[in-house]
Every structure is written in structure tokens, then in C-alpha cells.
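Protein chains: 2
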Amino acid sequence: MSQAFEQISEQLCFGGTVGIYRHTSSACNCDMRFAAFVPPQAKTQAVPVLYYLSGLTCTEENFITKAGAQRYAAEQGLVLVAPDTSPRGEAVPDEDTWDFGKGAGFYLNATQSPWQTNYRMYSYVVEELPALIAANFPVRGDRAGILGHSMGGHGALICGLKNPEKFRSISAFAPIAAPSRCPWGQKAFTQYLGEDQSAWKDYDASELVLHKADPSRLILIDQGTGDNFYQQGQLLPEAFQIACEQAGQPLSLRMQVGYDHSYYFIATFMGDHIQHHAQALYA
Amino acid sequence: MSQAFEQISEQLCFGGTVGIYRHTSSACNCDMRFAAFVPPQAKTQAVPVLYYLSGLTCTEENFITKAGAQRYAAEQGLVLVAPDTSPRGEAVPDEDTWDFGKGAGFYLNATQSPWQTNYRMYSYVVEELPALIAANFPVRGDRAGILGHSMGGHGALICGLKNPEKFRSISAFAPIAAPSRCPWGQKAFTQYLGEDQSAWKDYDASELVLHKADPSRLILIDQGTGDNFYQQGQLLPEAFQIACEQAGQPLSLRMQVGYDHSYYFIATFMGDHIQHHAQALYA
Chain R
1 MSQAFEQISE QLCFGGTVGI YRHTSSACNC DMRFAAFVPP QAKTQAVPVL YYLSGLTCTE
61 ENFITKAGAQ RYAAEQGLVL VAPDTSPRGE AVPDEDTWDF GKGAGFYLNA TQSPWQTNYR
121 MYSYVVEELP ALIAANFPVR GDRAGILGHS MGGHGALICG LKNPEKFRSI SAFAPIAAPS
181 RCPWGQKAFT QYLGEDQSAW KDYDASELVL HKADPSRLIL IDQGTGDNFY QQGQLLPEAF
241 QIACEQAGQP LSLRMQVGYD HSYYFIATFM GDHIQHHAQA LYA
Chain E
1 MSQAFEQISE QLCFGGTVGI YRHTSSACNC DMRFAAFVPP QAKTQAVPVL YYLSGLTCTE
61 ENFITKAGAQ RYAAEQGLVL VAPDTSPRGE AVPDEDTWDF GKGAGFYLNA TQSPWQTNYR
121 MYSYVVEELP ALIAANFPVR GDRAGILGHS MGGHGALICG LKNPEKFRSI SAFAPIAAPS
181 RCPWGQKAFT QYLGEDQSAW KDYDASELVL HKADPSRLIL IDQGTGDNFY QQGQLLPEAF
241 QIACEQAGQP LSLRMQVGYD HSYYFIATFM GDHIQHHAQA LYA
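Those protein sequences? They're chains R and E, same order as listed. For the first sequence, our numbering begins at 1 and goes up steadily by one. For the second sequence, our numbering begins at 1 and goes up steadily by one.
Hints were generated in silico from the structure; no laboratory data involved. Please read all numbers here as calculations on a predicted model, not as lab measurements. Check each hint, because a few of them may be wrong.
[Said to hold, decoys possible] Below, computed lysine to aspartate or glutamate pairings styled on EDC-like, alpha-carbon distance capped at 20 Å:
hint	chain 1	residue 1	chain 2	residue 2
1	R	162	R	127
2	E	66	R	127
3	R	66	E	10
4	E	43	E	61
5	E	187	E	202
6	R	212	R	127
7	E	43	E	142
8	R	66	E	142
9	R	66	R	10
10	E	166	E	202
11	E	66	R	95
12	E	201	E	238
13	E	212	E	238
14	E	66	E	31
15	E	166	E	127
16	R	66	E	61
17	E	66	R	75
18	R	187	R	75
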């Protein structure tokens, strides 16, 4: 594997640095970008790392410019890493919609043609990216957490549930919490994974938690009640809550009255999420 | 004056609301937009208001999405208002450059053709917008502060210096602090105000302060030393510092080592600026 790693930009922010980086991904068979924040504490010691997965249509930039997380990460001493939401480039197959294909990788490994060559965001997020980060940034590889928003909240839940040894802490903003039962998830899973719904269970948090519950990790979820995608039944946090109760998975599902699906909602509760992860990662 | 006032969007954020609004501006003879944050405290009482002026190429959106100011304003109890940077619309004259015309109103009242009909951002910011805010938002009209970035830092300094009765507190991030002596300012002033440089003094902070010093107001300025526009001589904070010393104007000019001109720089020091204004506005 030839893994070219290139810094596109690096800027000071809250005493640390915000950077955009590009590398050749063997998981996705294309060049990938990610954003990273390195807090001031990391100048003298390796610190824990927190992965943030973005939602539909986003790139590696939305989180780092809009979520206001750097202030909290600088206070707590956490590296932040925000990958792109899908494979990219001319050679990567796509569809002319915003909820499938580029910008909508759904953090799974596709098995169906023509998607299976590039759409391997699960392996990218769980294996390739953490290895790259460990090799190039001052992080403690054994201390990682994961969070995300919407499609990225789904990604955080499934990557975290399936890999307790890799991710010590999990949280999500307005996640697609039961993708097999909502239009976004059904569309994506049918094309990426095929018609056989038994294959979907491996990437559905509300199915996974039934046999992957971990009583030692409290999962934090914030959901706005004014979120139109919540109201349309795309997110289904209650389905995840019922599954968690059934499985003995500790969950704090906070319904935030009147908040919508935007980064204004995310920014409002980001401090609580960073605190949630810092507590687990520095324990 | 018919002043249509319309809410384009309103979203919860840090217990308050972020909104985008449109109205018919008599100062600029066109429709104008602005962003506003109303903190939770304003549900029960009128609170002070802080005007933020953006830099070249910006609209009313950059500040409210990227600066991370809402958290601090919610803590301190301040309404935030961020106008656009120039008149807008098909009928408004423009030039095909990024540093003059639309997105580059320079917060002055143009006197030269064809600019003088619409390019009246000084009257807009100092008179029309505060009247509109006072009529439509829960603010204490007698308690207002002003800050800005780059071209908007220039705007904050000149609007604040010229109107001590309207703006109790002033601060700036990387302001164009001596526009008569830098390429951006010379280009804009020549076209908006004409060749006669005596007319420029009324919109140049380093000239104005010589006879508008106010010992009761400490001006706060942050300037990154890694800012390429600073290095190119577009900003000239030292010229303003010398003029302040000469005039007896209290100034805290903080040179922030390594920081650039971006919103990552602004976000890093936004908490200090909001604190600076809150102190004066709640005194």
C-alpha cells in the first residue's frame, strides 16, 4: 500500500492547529481528505483522539468550520479528526441524488456492483484512518472515541458498537438510528448491500445493539424535537432506545425541545459531547 | 419610507435564536439582509446589542456560522447583529473584482457616480439598522457595541469613533486600520469618495482618532502575526497605535503570534471580545 500523506493547509486555532490533509486510501481506492484539530496539549504529550463523522452531503470541512468543537477540545486535550463522507474523484461511481453515492457513503462496506470497489467507508473509518492518524499525529491510539451527526451519527453508533476495543466512547447528534426502517437507510442499504435484508443488520445500530451491548459505555444522543427529518421518521431514536433497553445498553437520549437538524443545534450541545468523551478517554 | 421586514429563517441555538432577516433599506436603496442572534435572557428583558461587521467578500452569514460567538453571547446576554457587507441586487452597480463593489462596501457613504445611490453602508450601519433593530428586537437601544473583522474592523473603528453616543464599546480583529495608506483602502476610497484625499480622512480610523479620541473607551484589537494581509501592509495596526498614543486614545493591541486572517483566528479570541463588550455594555 502506497500511502501518500499530504498537508493541504494548517492554521492556528485555540492554541493548537486546524489542518486539512489528503492521502491515498487503500480502503476506498481513491484519494481522501480529512480535517484534524491538534490541541495545545499535544505539543508535549500524546493525547486521546475523537473521530467525528458528518452527515449527508457534507465533506471534511463542515464540522471543523461550523461545530465550534475546537474550543472544547483545546480545553480537554483531545485531537479531533473529521473524515469525508464518501469516496471521491472522477473514477468513483455516483448517482445524481444527494442521499446516495458521493457524500452519502453510510459508513459501510458495499458488497454490490458498482459500489463495492470504492464505497468502503466502514473499513476506512475503523481501520485505515486510525492507523494513519496514529502514524502521523501525537495521539494515544488506545484512547479513541467516536461521534457523528445524522448519517454520521449512524456511523458513530455502528463503528462504536462493533469495535469496543477501538472506541471507548460513543455519542451522536440526531443519528439515523434504525436505518433498515427508514427511507434513507432502505435506499442506501438496498443499493450498497443488496435486497437481502439479513445483510443490513450488520450496519443497523438498532439491530447491532441487541448483541453488542456494552454496559460499561454510556451512549449519549441528542435529538431536536423541531428536526424535520426526525418528524419525517428518518431518524427513529426511539427504536434505538427500545433496543438499548432490551439489550441492557446504557443510553442517555436527550430530546432537545425545538432544536432542528442544523449545526446551530450541534454547536449548542457540542460542549456536553466533548465532555462525555473526555471523561471516558481520560479515565 | 416603506420598510418591509421579513424573517427568512429562525433556528434555536444556545437557548436563543439565530435568524436571517430581509428588509427594504432606504439608506442603500435596495433589499438588505442581516443575521441576528437573540440570547435566552432576551425572552424576559431587553438586553444590549453588539453589531459585527464582516470583511471583504462576506455576506451576513459568515459570522453567524463560523465565529462561535453565540455561546458567549448566550452566556453574557447580548443580542448579536451581523449585516451584509454592501448593497445587493441586480440594480446595484458592481465591478468584477472581490475587493471593490458588492461584498466590499467599506462602511462609508459614497459620493461618486455611479456608487453614491446604493453604497451608503455608513448610514445603514449607524442609523437605519439600529433603528430597525430597536423596533423589532428586545434590545436596549442605549446599550450598543460594535466590532468587526478586516474591512469590518475598519468599519467598527470608524463607526464607533464617530458615534460615541451610539456605540459604548469598540473592538476589531485584524482591521484595515489606516485605509488611506494601503492598496485596498486607496482603491476603494478613490472610487467611492474621489481623488481628493481630504475627504478620505472622515473614514480612516488612524486620522479620525486624532480628533475623536475618547479616554473612557478602551479599544481592543487582535492581530495575528501570521496574517498574510498584515504582512503585505494592508492592515497597518501600528499606524493606528501611533495615532492612538498621540491622541490619548486607550488601545489594547494584541499581536497574536502565528495566527492568520481566518475565522479560526476570530473564533479563538471571540470570547475575549464578547467579554470586552459585555463589561462595557452592562456597566
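Now for the hints, and whether the structure bears them out:
For the proposed pair residue 162 of chain R and residue 127 of chain R, the alpha carbon gap of about 12 Å is at most 20 Å, so the pair holds. Pair hint residue 66 of chain E plus residue 127 of chain R does not hold up; C-alpha atoms about 31 Å apart against a cutoff of 20 Å. As the CA atoms of residue 66 of chain R and residue 10 of chain E are separated by approximately 17 Å, the hinted pair is consistent with the 20 Å bound. Restraint check for residue 43 of chain E and residue 61 of chain E: the C-alpha separation of about 24 Å exceeds 20 Å, so the hint is violated.
Proximity of residue 187 of chain E to residue 202 of chain E is assessed by CA-CA distance (about 16 Å); at most 20 Å being required, the pair is judged to hold. Distance check on the hinted pair: residue 212 of chain R and residue 127 of chain R sit about 19 Å apart at the alpha-carbon level, within 20 Å; holds. For a cut-off of 20 Å, the pair hint linking residue 43 of chain E to residue 142 of chain E stands: about 19 Å separates their Cα positions. Of the pairs offered as hints, the one joining residue 66 of chain R and residue 142 of chain E is violated, with about 32 Å between alpha carbons and a cut-off of 20 Å exceeded.
Between residue 66 of chain R and residue 10 of chain R the CA atoms are separated by roughly 17 Å; this keeps the pair inside 20 Å, and the hint holds. Our distance criterion of 20 Å between C-alpha atoms is met by residue 166 of chain E and residue 202 of chain E, whose separation comes to about 17 Å. The suggested pairing of residue 66 of chain E with residue 95 of chain R is violated, with an alpha-carbon distance near 31 Å, which exceeds 20 Å. This hinted pair checks out: residue 201 of chain E and residue 238 of chain E have alpha carbons roughly 17 Å apart, not beyond 20 Å.
About 18 Å separates the Cα atoms of residue 212 of chain E and residue 238 of chain E, which keeps this hinted pair within 20 Å; it holds. With a C-alpha separation of about 24 Å, the suggested pairing of residue 66 of chain E with residue 31 of chain E is violated against the 20 Å cut-off. Straight-line distance between C-alpha atoms of residue 166 of chain E and residue 127 of chain E comes to about 9 Å, which keeps the hinted pair within the 20 Å bound. Among the hinted pairs, residue 66 of chain R with residue 61 of chain E is consistent with the structure: their alpha-carbon atoms are about 12 Å apart, no more than 20 Å.
For the suggested pair residue 66 of chain E and residue 75 of chain R, the alpha carbons sit about 19 Å apart, so the restraint of at most 20 Å is met. Between residue 187 of chain R and residue 75 of chain R the alpha-carbon distance is near 40 Å, which puts this suggested pair outside the 20 Å criterion.
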